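Chemist: Given the structure of chain A, go ahead and fit chain B onto it with the hints provided.
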Amino acid sequence: MEKMPKWADVVLIPVISLLLAALISAIVILLIGESPIEALDLMVEGALGSTNGWGYTLYYATNFLFTGLAVAVAAHAGLFNIGGEGQAMLGGLGLAIVCLYIPFPHWSIALLVAGLGAGLFGAAWAAIPAYLQAKRGSHIVITTIMFNFIAAAVLNYMLVNTLKPKGSMEPATGRFPESAQLPSLHDILAPIGIEFSKSSPANVTLFVGIAACVVVWGLIWHTPLGHEIRALGKSERGAVYAGISPVRTVMITMLISGALCGLMATNNVMGEAERLVLNATEGAGFIGIAVALMGRNHPFGVFLAAILFGFLYQGGAELALWTNIPSELIVVIQALVILFTGALDNMVRMPIEKIFLALRKENA
Amino acid sequence: MTLMKSLMGAAAAVALSAGAALADPALIFDLGGKFDKSFNEAAYNGAQRWVEETGGEYLEIELKSDAQREQALRRFAERGANPIITMGFAMTSTIENVAPDYPDTKFVNIDGWADLPNVQTISFAEHEGSYLAGVMAAEASKSGTVSFIGGMDIPLIRKFACGYAQGVKSVNPDATVVSNMTGTTPDAWNDPVKGSELAKAQISQGSDVVFAAAGGTGVGVLQTAADEGVLSIGVDSNQNHLHPGKVLTSMMKRVDVAVYNALKDGADLETGFQNLDLAADGVGVAIDEHNEALVTDEMKASVEAARAAIVAGDVVVHDYTSDDSCPALSF
Numbered sequence: 001m002e003k004m005p006k007w008a009d010v011v012l013i014p015v016i017s018l019l020l021a022a023l024i025s026a027i028v029i030l031l032i033g034e035s036p037i038e039a040l041d042l043m044v045e046g047a048l049g050s051t052n053g054w055g056y057t058l059y060y061a062t063n064f065l066f067t068g069l070a071v072a073v074a075a076h077a078g079l080f081n082i083g084g085e086g087q088a089m090l091g092g093l094g095l096a097i098v099c100l101y102i103p104f105p106h107w108s109i110a111l112l113v114a115g116l117g118a119g120l121f122g123a124a125w126a127a128i129p130a131y132l133q134a135k136r137g138s139h140i141v142i143t144t145i146m147f148n149f150i151a152a153a154v155l156n157y158m159l160v161n162t163l164k165p166k167g168s169m170e171p172a173t174g175r176f177p178e179s180a181q182l183p184s185l186h187d188i189l190a191p192i193g194i195e196f197s198k199s200s201p202a203n204v205t206l207f208v209g210i211a212a213c214v215v216v217w218g219l220i221w222h223t224p225l226g227h228e229i230r231a232l233g234k235s236e237r238g239a240v241y242a243g244i245s246p247v248r249t250v251m252i253t254m255l256i257s258g259a260l261c262g263l264m265a266t267n268n269v270m271g272e273a274e275r276l277v278l279n280a281t282e283g284a285g286f287i288g289i290a291v292a293l294m295g296r297n298h299p300f301g302v303f304l305a306a307i308l309f310g311f312l313y314q315g316g317a318e319l320a321l322w323t324n325i326p327s328e329l330i331v332v333i334q335a336l337v338i339l340f341t342g343a344l345d346n347m348v349r350m351p352i353e354k355i356f357l358a359l360r361k362e363n364a
Numbered sequence: 001m002t003l004m005k006s007l008m009g010a011a012a013a014v015a016l017s018a019g020a021a022l023a024d025p026a027l028i029f030d031l032g033g034k035f036d037k038s039f040n041e042a043a044y045n046g047a048q049r050w051v052e053e054t055g056g057e058y059l060e061i062e063l064k065s066d067a068q069r070e071q072a073l074r075r076f077a078e079r080g081a082n083p084i085i086t087m088g089f090a091m092t093s094t095i096e097n098v099a100p101d102y103p104d105t106k107f108v109n110i111d112g113w114a115d116l117p118n119v120q121t122i123s124f125a126e127h128e129g130s131y132l133a134g135v136m137a138a139e140a141s142k143s144g145t146v147s148f149i150g151g152m153d154i155p156l157i158r159k160f161a162c163g164y165a166q167g168v169k170s171v172n173p174d175a176t177v178v179s180n181m182t183g184t185t186p187d188a189w190n191d192p193v194k195g196s197e198l199a200k201a202q203i204s205q206g207s208d209v210v211f212a213a214a215g216g217t218g219v220g221v222l223q224t225a226a227d228e229g230v231l232s233i234g235v236d237s238n239q240n241h242l243h244p245g246k247v248l249t250s251m252m253k254r255v256d257v258a259v260y261n262a263l264k265d266g267a268d269l270e271t272g273f274q275n276l277d278l279a280a281d282g283v284g285v286a287i288d289e290h291n292e293a294l295v296t297d298e299m300k301a302s303v304e305a306a307r308a309a310i311v312a313g314d315v316v317v318h319d320y321t322s323d324d325s326c327p328a329l330s331f
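These protein sequence lines map, in sequence, to chains A and B.
Going by full-length UniProt numbering, the first residue of the first sequence is number 1, and it counts up by one from there.
Going by full-length UniProt numbering, the first residue of the second sequence is number 1, and it counts up by one from there.
If you're looking for bench data, these hints aren't it; they were derived computationally from the structure.
You may find that some hints are simply not true.
As the list claims (entries may be wrong) - No more than 27 Å apart at the CA atoms, straight line, and that leaves these computed lysine-lysine pairs for DSS-like: (1) A:K198 x B:K169; (2) B:K169 x B:K246; (3) A:K164 x B:K64.
To be verified - What follows is a set of in silico ranges between Cβ atoms, one per label pair, in the way DEER data are often shown: (4) B:E197 x A:K354: 49 to 55 Å; (5) B:P117 x A:G49: 29 to 35 Å; (6) A:I37 x B:E197: 47 to 53 Å.
Only a predicted model underlies this, so the values are computations on that prediction, with no experimental measurement involved.
Built from N, CA and C at the ideal position, the CB exists for glycine as well.
Okay, chain A solo, but in the shape it has when bound (with noise of 0.2 Å):
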């Protein structure tokens, strides 16, 4: 018998788990002499009161998207990709070679194609890390996280010494062409009537996002591939007893987390930068791991978790931007939050399972 019902663990948990987290950045707040009411407001004001604020939370909810689905689909199968920095840089990279050199008609069959260079890029690095791991037992931890570096170093030289237009002192490629260039929120409301602001980054790769939640959420619970995947990760003994091949599903597994991984390049090259820039990245890799852990692997989980990251993020910029709070403090809030809701977690679990074992007891 489940000790306590379905909704508690799946709304109650993290709400409280939050709420805490919440707490404790106040109380830092305080200590260095601001007002945590007044971080909140503009934290608020800033990421979700306007269409602009709004604009920023999705973009950077949609980097979260991919990178949390990335790593939630690598989890059921025990895997722990902490590669999706390196990935989605390699995914930047099949993207902007695409968009750079193949003349588009029109922006949806940019994106198709686009969208496979970028996925086949990132499911080729973390290719190697999963042959490693499925053939010679090379811990996909350690490899992942080193083929960041070597990500970093190829994104790097190929800037700089071949993508970079001549004479240009950015290490960065030039502008992809107009019809490579994806339509803002902006661009897709504006016809229905839907005032959006014209300068925020969030572009049609969020109904991209969210297509690949939906399909992640059938691959792991309605094929057999994901049974598979998921079988795997519970037991690998268990797995290989029922006739299912270990090096098989390592491999397929983490194909699919690169290429969820090289699909945030449609959103943070494609859509915001329309170029290739140095670190484009920035971070949305190791943030995909805390999105993920917040959002139990589900897809619905990980979306939501996906926004909470995003308006943390659009929010923090806010208070960098009109309070003196200063910007590693931003940082300090997002960690309490990872912290809470994932390392912490059975702090908050714990108690309230007695508490709902004793009101049954009292109830029967």
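Modeler: What follows is chain B alone, placed relative to chain A:
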């Protein structure tokens, strides 16, 4: 919240007096953060000098992500900040997007190349300053091998390295110039341990003068050079005092002066291109009480001669970024 209040006040004042230039200026630090011991910190120091002298206030933000660039620029512009000073070449494309929407606001782009009527673009002739540092390095070197440690392998840092190598070769055409970059992620600007390891490796290759153009990483380079008994050259700010008698000189890039001047001119600043080169004292080598003993009269004479020749145009130091190649050093 004093910043916020003064900002609101300023914005209201602007609204009331219909565009009179009463707004505070704003300063946008690049991703390294304002205490990077180098480029951004120089800007901060310049701004602090202005604050101390005038009692003025300015808005500031340290960028944490590329997506914040446009956001910060637009929000400051909308609140009436003027001028808005931005650090680093990475802001250029954002300014090109944003500046036309706010024609009454003046933007300053340090290290950039934006060409718009309301933008002041300031660039530095780093290759010329590095050339002088190279001349001094070659004069001071006994082994005939000197070295260079950069932060990330980006064109700007190659510009430093290339000017340095040309300076070295102008004194001693047979000299060997060893060049290394610290890393491929932004951490490379703040990794003194790696800087120290690279310096040791270069010293073991015979280098006896090490030039670091690597932000906070340089602190480790200078420390190791001092410990191992070889000379080092600092960058951006005057770093001679870090290890008196062991730092040969510092290649100064007067970002602080540029920021100070922009703040002082306020909303009346002149837009257009400004190249701060040797002639304008935008770059140069630092000689003070901490390195006097190291700088011989001969050295002083050669530096002066080289400086005069560059200013007069008799010597043209090749700029790596002009054609992505370097005659004196291969990357």
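Chemist: It remains to establish, for every hint, whether it holds in the given structure.
Modeler: Hints and how they fare:
no., hint, in the structure
1, A:K198 x B:K169, "violated, 53 Å"
2, B:K169 x B:K246, "holds, 23 Å"
3, A:K164 x B:K64, "holds, 24 Å"
4, B:E197 x A:K354: 49 to 55 Å, "holds, 53 Å"
5, B:P117 x A:G49: 29 to 35 Å, "holds, 33 Å"
6, A:I37 x B:E197: 47 to 53 Å, "holds, 48 Å"
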